[in-house]
Amino acid sequence: MWNKIYLEKKLKNHPRAEAIISKLKLEVIEIDDYRDFWGKSKKPYLLKRDTLNLFISEKKGQTVKLAPDAYGKAGEPHYYFVHAYNCIYECQYCYLQGYFNTPDIVLFINHEEILWEMKKVLDSHPETSVWFHAGEFSDSLALTHLTGELELYHKFCEENPRAIIELRTKSVNVKALKTLKPLDNFIVSFSLSPEKVARRIDEKTPSIKARVKVMEELSSLGFSIAAHFDPIIYQDQFRELYKDLLQSMSNINPKLLYLSLGVVRFTKDVYREVERNYPDSLIHATTMIKSFDNKIRYSRPLRNWILSSVFDEAVEHGVRKERIYLCMED
Amino acid sequence: MKLITLAHYGEAQSIIDRFSLSKKSSELYQNDELTLLLTGEGPFEACASVSSLLGQKNFSEVINLGIAGALDQKLLVGEIFEIRSIYLAVEGKLQYKTFKGAGQKDLITSFERILGEDKAHPLRGFGDIVDREAWGVAFSCKEHGVPFRSFKLISDVAGTIGACEAVKESAQELSLKLLAKLEEVLGEVNETREESFHLGDEFYFTFSLKHRLHHLVEMITLRDEITALDVFKKIDLGALKELNITPKARAKLLMEKLELELDPFKGKLQEALSEWKGNYQGLDIHTDPQWESQSVKFSFTVQNKNELEAKLELLAKVDLEPFYQILQGKVDVE
Chain Y
198 MWNKIYLEKK
208 LKNHPRAEAI
218 ISKLKLEVIE
228 IDDYRDFWGK
238 SKKPYLLKRD
248 TLNLFISEKK
258 GQTVKLAPDA
268 YGKAGEPHYY
278 FVHAYNCIYE
288 CQYCYLQGYF
298 NTPDIVLFIN
308 HEEILWEMKK
318 VLDSHPETSV
328 WFHAGEFSDS
338 LALTHLTGEL
348 ELYHKFCEEN
358 PRAIIELRTK
368 SVNVKALKTL
378 KPLDNFIVSF
388 SLSPEKVARR
398 IDEKTPSIKA
408 RVKVMEELSS
418 LGFSIAAHFD
428 PIIYQDQFRE
438 LYKDLLQSMS
448 NINPKLLYLS
458 LGVVRFTKDV
468 YREVERNYPD
478 SLIHATTMIK
488 SFDNKIRYSR
498 PLRNWILSSV
508 FDEAVEHGVR
518 KERIYLCMED
Chain C
2 MKLITLAHYG
12 EAQSIIDRFS
22 LSKKSSELYQ
32 NDELTLLLTG
42 EGPFEACASV
52 SSLLGQKNFS
62 EVINLGIAGA
72 LDQKLLVGEI
82 FEIRSIYLAV
92 EGKLQYKTFK
102 GAGQKDLITS
112 FERILGEDKA
122 HPLRGFGDIV
132 DREAWGVAFS
142 CKEHGVPFRS
152 FKLISDVAGT
162 IGACEAVKES
172 AQELSLKLLA
182 KLEEVLGEVN
192 ETREESFHLG
202 DEFYFTFSLK
212 HRLHHLVEMI
222 TLRDEITALD
232 VFKKIDLGAL
242 KELNITPKAR
252 AKLLMEKLEL
262 ELDPFKGKLQ
272 EALSEWKGNY
282 QGLDIHTDPQ
292 WESQSVKFSF
302 TVQNKNELEA
312 KLELLAKVDL
322 EPFYQILQGK
332 VDVE
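Chains Y and C, in that order, are what the protein sequence lines are.
Read in order, the letters of the first sequence correspond to residues 198 to 527 in this note's numbering.
Read in order, the letters of the second sequence correspond to residues 2 to 335 in this note's numbering.
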């Protein structure tokens with residue numbers, strides 16, 4: 198999978214850069230600025246399968262950004278922080294395939310600056326809790342064995358109880374996480390689909406069985422856990438498949454801090470990429486239309502039916518009603 | 002007619018001899034099936050010369066052949082590869098536009114010759130091979146909508162001193178290898194992926210209906226991971242053939258069955274909508290066929306005042322709530 202490491206020269210002796218390089222043992226190419234190479238040319242997305250480059254860099258500019266509407270639970274401000282671009286997994290619906298010009302991964306290692314900006318944001322909302330989501334542009338746990346930044350963000354939550362960090366993941370890479378003390382405001386959320394669907398569309402990700410097992414482990418250790426059924430993809434016997442998924446989660450459903458539901462949707466550009474990259478995908482088996490906001494979605498009655506069906510099943514299987522929210526839906 | 006492009010005569014000489022291409026100009030050689038163009042060195046030179054020719058003549062495909070330097074040091078001199086993606090580098094910096102091919106290796110077309118390791122090193126994460134023309138040829142083909150393939154023969158290691166001399170010395174040998182590859186490519190049998198359905202004379206499809214038929218069958222095969230034959234078994238094609246109706250009507254029925262098989266939810270929606278509309282006989286009710294908008298349009302025709310009053314009375318009784326319930330997905334599906 199990995200091809201070369203591109204390292205910004207000024208980070209040559211940075212302990213985090215050294216740690217990553219020593220673990221991967223790849224050829225290192227020193228450059229001045231990752232932006233001279235990363236995304237400069239349109240690199241076909243599927244080249245990530247065998248020529249994925251890793252850039253080690255410092256994030257310049259804004260590192261903490263306001264999340265879009267309906268990104269998380271309503272009522273409190275939501276932000277996401279950027280400590281990486283792109284992902285090692287290959288989910289066929291992933292919007293990253295149409296978002297950047299390249300699938301190459303960037304790891305930003307100036308975490309102190311990111312945390313400093315998070316503190317500034319937190320202080321600008323003195324009356325309320327503030328959510329910080331990791332995983333907007335990458336999986337937030339998949340590479341933590343290389344990057345080793347979890348401890349810093351955990352400490353930030355410990356010192357700032359009003360800050361809530363959500364680590365969104367499809368990974369089962371929780372070794373580093375398990376060495377930390379569980380905190381109410383340090384949440385690990387797992388994206389899940391029925392096994393039969395995930396096997397067809399979540400390429401290179403851990404199985405659903407493995408993800409659910411890890412959720413159980415973390416929950417029993419006292420970690421705050423949550424789940425995302427997003428995107429939900431329609432398929433024959435869809436309701437039965439979600440019943441089975443929820444059944445397999447029966448030990449953790451009552452403990453879920455929240456469960457978000459979202460039906461598959463694409464911007465026009467991402468949809469075009471999905472068609473190009475995965476012409477035989479299950480995603481194309483159900484008719485999609487241009488919807489009210491120009492996004493490509495299932496028809497309105499179908500997506501409403503999907504959401505209400507999964508909502509009902511989730512409640513039936515022990516998820517607390519008030520903890521279910523609809524993500525990025527009209 | 003296929004167009005073969007190479008940069009220099011030295012690379013092309015064996016091909017010109019083998020196919021007995023006659024010289025039309027210093028850059029152009031031809032027989033009844035092939036045209037060979039010498040593009041000269043450099044991406045913009047290649048782009049200009051190929052564009053000029055594609056503007057004058059129609060070609061079914063352009064095949065770019067040539068020697069190239071290895072960026073990936075594991076590649077061996079003498080190996081030949083079809084190209085998968087082509088980047089352009091100007092002064093060592095990658096440019097935005099990239100072209101895709103069906104091959105195995107990634108190529109960087111460099112605006113300048115890569116004469117030192119310092120120039121080659123930063124490009125190694127993006128390409129396995131470096132040349133001077135392919136990007137320009139690909140650009141021109143894309144602009145003219147002509148299919149393009151590129152094959153590169155490793156002649157040296159990019160960034161090594163003396164690479165140019167080494168290439169000159171073995172030009173004859175390299176040219177023979179390029180010829181062998183071209184012969185192999187031209188001899189390939191084109192296999193078409195399209196599966197045709199021979200449903201017999203019992204069905205009549207227009208061109209667009211046939212296209213839709215293929216699309217529906219393909220979507221069901223995708224979803225259920227079954228073959229087209231299984232799809233037809235599932236909807237009982239045999240029973241359809243037994244019906245005493247015209248081939249056109251039979252085809253229509255087949256399409257309806259396939260639509261329903263693919264999207265049973267849509268069938269339920271239509272049923273519920275028809276039931277609601279049925280309560281208002283005499284009014285034409287139009288809703289968004291995409292089911293996205295909640296707008297409803299009513300129309301009717303009247304012959305006299307009494308009819309008008311009756312229709313207005315009916316219109317006043319219209320209850321939109323059942324329609325909104327359908328939009329909310331509140332239909333009995335299972």
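Keep in mind that the hints were calculated from the coordinates and are not lab data.
Remember, predicted model here, so these are calculated numbers, not experimental data.
Some hints could be false.
Straight-line alpha carbon distances no greater than 27 Å define the calculated DSSO-like cross-link-like pairs of lysine-lysine that follow [said to hold, decoys possible]:
| hint | chain 1 | residue 1 | chain 2 | residue 2 |
| --- | --- | --- | --- | --- |
| 1 | C | 94 | Y | 206 |
| 2 | Y | 487 | C | 269 |
| 3 | C | 98 | Y | 465 |
| 4 | C | 312 | Y | 222 |
| 5 | C | 98 | Y | 440 |
| 6 | Y | 465 | C | 267 |
| 7 | C | 306 | C | 267 |
| 8 | Y | 237 | C | 120 |
| 9 | Y | 465 | Y | 410 |
| 10 | Y | 492 | Y | 352 |
| 11 | Y | 257 | Y | 209 |
Which chain Y residues stay away from chain C? Per the calculated CB distances, all over 12 Å, these [said to hold, decoys possible]:
| hint | residue |
| --- | --- |
| 12 | 202 |
| 13 | 203 |
| 14 | 227 |
| 15 | 236 |
| 16 | 241 |
| 17 | 432 |
| 18 | 454 |
| 19 | 478 |
| 20 | 479 |
| 21 | 500 |
Note that the Cβ used here is the ideal one computed from N, Cα and C, for glycine as well.
- Query: Among the hints numbered above, which are violated by the structure, and what are their numbers in rising order?
  - Reply: 4, 5, 7, 9, 10, 12, 13, 14, 15, 16, 17, 19, 20 and 21
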